[in-house]
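Residue numbers (my numbering), protein chains in the order written: chain A, 1 to 262; chain B, 263 to 524.
To be clear, the hints were calculated from the coordinates, so they are not data collected in a lab.
Among the hints, a few may not be true.
Here are some chain B residues the structure puts well away from chain A; computed CB gaps all over 10 Å [stated by the list, open to error]:
{"id": "1", "residue": "V300"}
{"id": "2", "residue": "W307"}
{"id": "3", "residue": "E308"}
{"id": "4", "residue": "F338"}
{"id": "5", "residue": "A441"}
{"id": "6", "residue": "E458"}
{"id": "7", "residue": "V514"}
Distance windows between CB atoms, simulated [stated by the list, open to error]:
{"id": "8", "chain 1": "A", "residue 1": "F12", "chain 2": "B", "residue 2": "D332", "range": "23 to 31 Å"}
{"id": "9", "chain 1": "B", "residue 1": "Y299", "chain 2": "A", "residue 2": "H57", "range": "23 to 31 Å"}
{"id": "10", "chain 1": "A", "residue 1": "M19", "chain 2": "B", "residue 2": "Q521", "range": "35 to 43 Å"}
C-beta atoms are modelled at their ideal positions from N, C-alpha and C, and glycine is treated no differently.
Here's the letter readout for the chains.
Protein chains: 2
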Amino acid sequence: MTTPSHKALVPFVSVDNMMQLVHSIGIETMLRDLADYVEADFKRWELFDKTPRVASHSDVGVIELMPTSDGEAYGFKYVNGHPKNTSEGLQTVTAFGLLADVYTGYPVLLTEMTLLTALRTAATSAVAAKHLAPKGADTMAMIGNGAQSEVQTLAMKAICGLKTVRLFDKDPAATEKCARNLAQAGLNVVRCKSPEEAIEGAQILTTCTADKQSATILTDNMVGAGVHINAIGGDWPGQTELAAGILSRSDVFVEFPPQTRI
Amino acid sequence: MTTPSHKALVPFVSVDNMMQLVHSIGIETMLRDLADYVEADFKRWELFDKTPRVASHSDVGVIELMPTSDGEAYGFKYVNGHPKNTSEGLQTVTAFGLLADVYTGYPVLLTEMTLLTALRTAATSAVAAKHLAPKGADTMAMIGNGAQSEVQTLAMKAICGLKTVRLFDKDPAATEKCARNLAQAGLNVVRCKSPEEAIEGAQILTTCTADKQSATILTDNMVGAGVHINAIGGDWPGQTELAAGILSRSDVFVEFPPQTRI
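With the hints as extra help, turn the sequences into a complete structure.
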């Protein structure tokens, strides 16, 4: 064997590497820095070669590929969504991604994206809230208290100045775990027994669920004028976090309409 | 850190690993075994969740994702096509792929597919020729003598009993290299100076070029009745190996019509 070209060796960032990176930078700093990149990319949105996700559905979940390119760098993410996994001791979502050089087609970086997906989703939500939520909003209802909800809350604190989070999950153990993990975050954390209790006094309502059973999380009469809703979980048919009536009387902002319409 | 679950560790097959595998099994045996899998999969074709390739084009090449699933295993391939790469000392095609478990969405294998793509393409061509080429065909014209042409030729020998290959490339150095690499393969290797010379007496014509400059390799008057054409390179707009007239008077067999129509 001759020695392979340096281009034949693709650096890999493992989950362990990424956790070390997050711990060394600090999660709030990392979320703020990510938000800056997200915001900068929205400003050059037209440059990107965008396509709806390429999804392969089964009875128990979905596997998706999400490619894009800005003409110089090409990237895609592999991500699954299997809500039943948690009951089997596995994660709902795992992800990895690849970066490649458009000019040569050669891969240049392979990285875990399970953590990155959580961070990027949270940072993007916070960028949206920064521009769209009522001025001075400092209280958020967080409905759905899985792993993602913790990162969402930290991003809202780091980027939007959130002071209070009001937690609700249909599984009280999820709320308890989330509250425990957020205990040292410098936030006022309130455990709630119903969605109605969670939204009391909140200017920002975040729904963060993975259920595909057409469950409605926010009904029409729960949502008054002037609140900002951050609906994360409703990204596939059967995921109906918001009653249709809420959408029809709201200003709706989405990232990529062809994907949202699916 | 707790020790990660064994599901968190995904085995990786490098190019070096794959070369060792090919050498240890023997390339002709490997091609025959691959051909058996390819044939078995064509017999259960309806089971697969098929989609056209997801392509990202640039001025100098294309990067594609090719996902599929049979309901139990999900797989995708990342592959680029950059004809200009060879002039820069790089490969036209590099590829890798992932296998995942549909039930959990978890990746189970990451593998190089640069070599696998070459082997699979060659094995599939040979499966097609086995069923479609004239009985007793033992001479092939190979037009386009890059790296892929060697594997194509070996597959035709291993699976279809090829005895003679007639090589032509617009770059005589490519023909020379291919002939040299096939010298020990137990074949009669003939170097030709034109496409017309290459096709003399050949019952199988294989075009294996990567040019997107709308060059026609086989013109209408070059191809008589009863020959089997194996057109590998014509898989994107601008890749026009065959004159349209040849297609209109031939029986045409393709793998996946929605992809072929693109």
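Now the hints, each set against the structure:
no., hint, in the structure
1, V300, "holds, 21 Å"
2, W307, "holds, 17 Å"
3, E308, "holds, 16 Å"
4, F338, "violated, 6 Å"
5, A441, "holds, 22 Å"
6, E458, "holds, 34 Å"
7, V514, "holds, 27 Å"
8, A/F12 / B/D332: 23 to 31 Å, "holds, 28 Å"
9, B/Y299 / A/H57: 23 to 31 Å, "holds, 25 Å"
10, A/M19 / B/Q521: 35 to 43 Å, "holds, 40 Å"
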